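Protein sequences appear in the order of chains A and B.
Everything in the first sequence is counted per this note's numbering, starting at 1 for the first residue and increasing by one.
Everything in the second sequence is counted per this note's numbering, starting at 1 for the first residue and increasing by one.
To be clear, the hints were calculated from the coordinates, so they are not data collected in a lab.
All values reported here derive from a predicted model rather than from experimental measurement.
By construction, the Cβ of each residue, glycine as well, lies at the ideal position given by its N, Cα and C atoms.
Certain hints may be false.
Cross-link-like lysine-lysine pairs, in silico, DSSO-like; alpha carbons within 30 Å at most [said to hold, decoys possible]: (1) B/42 - A/44; (2) A/63 - A/40; (3) A/7 - B/37; (4) A/63 - B/37; (5) B/205 - B/127; (6) A/40 - A/59; (7) B/205 - A/45; (8) A/40 - A/7; (9) B/127 - A/63; (10) A/59 - B/37; (11) A/63 - A/45; (12) A/40 - A/14; (13) A/62 - A/44; (14) A/7 - B/127; (15) B/207 - A/63; (16) A/7 - A/59; (17) B/205 - A/63; (18) B/205 - B/37; (19) A/62 - B/205; (20) B/41 - A/7; (21) B/37 - A/14; (22) A/7 - B/207; (23) A/63 - A/14; (24) A/59 - B/205; (25) B/205 - A/7; (26) A/44 - A/14.
To be clear about the criterion: a stretch of chain A counts as covered by chain B if any three or more of its residues have a C-beta under 8 Å from a C-beta of chain B, and this derived list gives those stretches [as the list claims (entries may be wrong)]: (27) 16-24; (28) 30-37.
Simulated DEER-style distance windows between Cβ atoms [stated by the list, open to error]: (29) B/78 - A/62: 55 to 65 Å; (30) A/43 - B/119: 22 to 32 Å; (31) A/62 - B/189: 15 to 25 Å; (32) B/212 - A/40: 42 to 52 Å; (33) B/198 - A/4: 28 to 38 Å.
Listed below are the residues making up each chain.
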Amino acid sequence: MDDRTLKSLRNELKTHSRALNIPAGAADAFIDACLTSVQKSLAKKTTITSSDLTRLVAKELKKYHADFAYVYENRDTII
Amino acid sequence: MTAIAPVIILLLSVLIISSLQLVPGTFSIFYHYALGKTTRKKADDRSLSFIIGAEIFVGVIWILMLMLLTLLSFVIDLCSAPFFWTLSGTLFAEAIAFLLFYFRRSRSTTLFISRRVAATLQARASKAGSRSDAIALGFFANLPELIFTFPLYLISAIIFLNTPSLPRILITGLFILGTILPLFIIRLLFRSGHNLAHITRFRAKLKPYLRLIIFFAYLVLAFAILNLGVTNYGR
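Construct the entire structure; sequences and hints are all you get.
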């Protein structure tokens, strides 16, 4: 994953965490752990679709905060 | 019975419009992103602007319906049986279209609107920063659902014009406030600590019941209008 994608993903996750009222420190910890894990999973892959990325991130986030994972995974299917 | 029928028709119309899901869905996304990008106070303020935009839409359509009916009254008799039968037929078609097409076949709350329109609404909801953006979003989020709400606005305007026994200010107030009541409820839920996940999960759980309730509400309304057509037969 390139730096720009990582940065925009991190910002998006931070926005969601603020909206969900997750304490900032905890949110940073969840996001860092999630993105590290996702980058490890993507290390061997050359291409990936956006929905695959969404699923991977949501799967990692589910370990830490169910609502955070739900909102991120379903953000494009609410309307 | 004759005095109750207009009240029931009006209440059913308001119930159906307020139960549709596009505007509450857009509002919940908008509020969520507003909470994420601004302070809670600003998010509350922007949410009120969204609701004002939705109210403006209802008010504008209400006035347009009254104007349309006034113009139509020069051409056709608005109390005649064929007119009511046409309306009733439209409502039967709406009921079936709602049951089959309104909610997409998925476990989430995706609706009939094209993915491009949904993506545009989603993008606008996530970016709406100023009050005017919020008002515009509240206004335009109602537009795609006009296909399901147009006959309901028309019927309510007919009740308004043809029922002198009902106080008109009450009808207008009930219509304009009743149709956007769910937005106030969602705003209250966000302010009391619920989040987008809770609200969306609840809406997803409610989906099958809502589909049936609104389908039957459309059917009952269609029969009520048909009954009006039968009682006005020969006019």
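**Study point:** Given pair status - residue 14 of chain A, residue 40 of chain A, alpha carbons within 30 Å
**Key:** Measuring from Cα to Cα gives roughly 21 Å; hence the hint holds.
Check your understanding: Does residue 7 of chain A lie within 30 Å of residue 40 of chain A when you go C-alpha to C-alpha?
Key -> Measuring from Cα to Cα gives roughly 17 Å; hence the hint holds.
Exercise for review: For the pair we were handed, residue 205 of chain B and residue 45 of chain A, check the Cα-Cα distance against 30 Å.
Suggested key: violated, 37 Å
Exercise for review: Starting from the range 22 to 32 Å, see whether the pair residue 43 of chain A and residue 119 of chain B falls in it by beta-carbon distance.
Suggested key: holds, 31 Å
Review point. Has the given pair, residue 7 of chain A with residue 207 of chain B, been kept, meaning a C-alpha gap of at most 30 Å?
Key: violated, 36 Å
Point to revise | residue 40 of chain A and residue 212 of chain B - C-beta distance against the hinted 42 to 52 Å | key: Holds - the Cβ-Cβ distance for residue 212 of chain B and residue 40 of chain A, about 46 Å, lies within 42 to 52 Å.
Check your understanding: Within 30 Å, alpha carbon to alpha carbon, are residue 7 of chain A and residue 37 of chain B?
Key -> Distance of about 16 Å is within 30 Å: holds.
Exercise for review: Take the C-alpha atoms of residue 63 of chain A and residue 37 of chain B, compute the straight-line distance between them, and say whether it is at most 30 Å.
Suggested key: holds, 25 Å
**Study point:** Straight-line alpha-carbon gap residue 205 of chain B to residue 127 of chain B, limit 30 Å
**Key:** Holds, at roughly 28 Å.
Check your understanding: Is it true that the CA of residue 205 of chain B sits at most 30 Å from the CA of residue 63 of chain A?
Key -> Holds. Residue 205 of chain B to residue 63 of chain A sits at ~23 Å (cutoff 30 Å).
Review point. Are the Cα atoms of residue 41 of chain B and residue 7 of chain A separated by 30 Å or less?
Key: Roughly 28 Å between the alpha carbons, so the hint for residue 41 of chain B and residue 7 of chain A holds.
Practice item. For the pair we were handed, residue 7 of chain A and residue 127 of chain B, check the Cα-Cα distance against 30 Å. Key: Satisfied, since the Cα-Cα distance of roughly 18 Å is no more than 30 Å.
In this structure, the hints that do not hold are numbers 1, 7, 22, 25, 28, in rising order.
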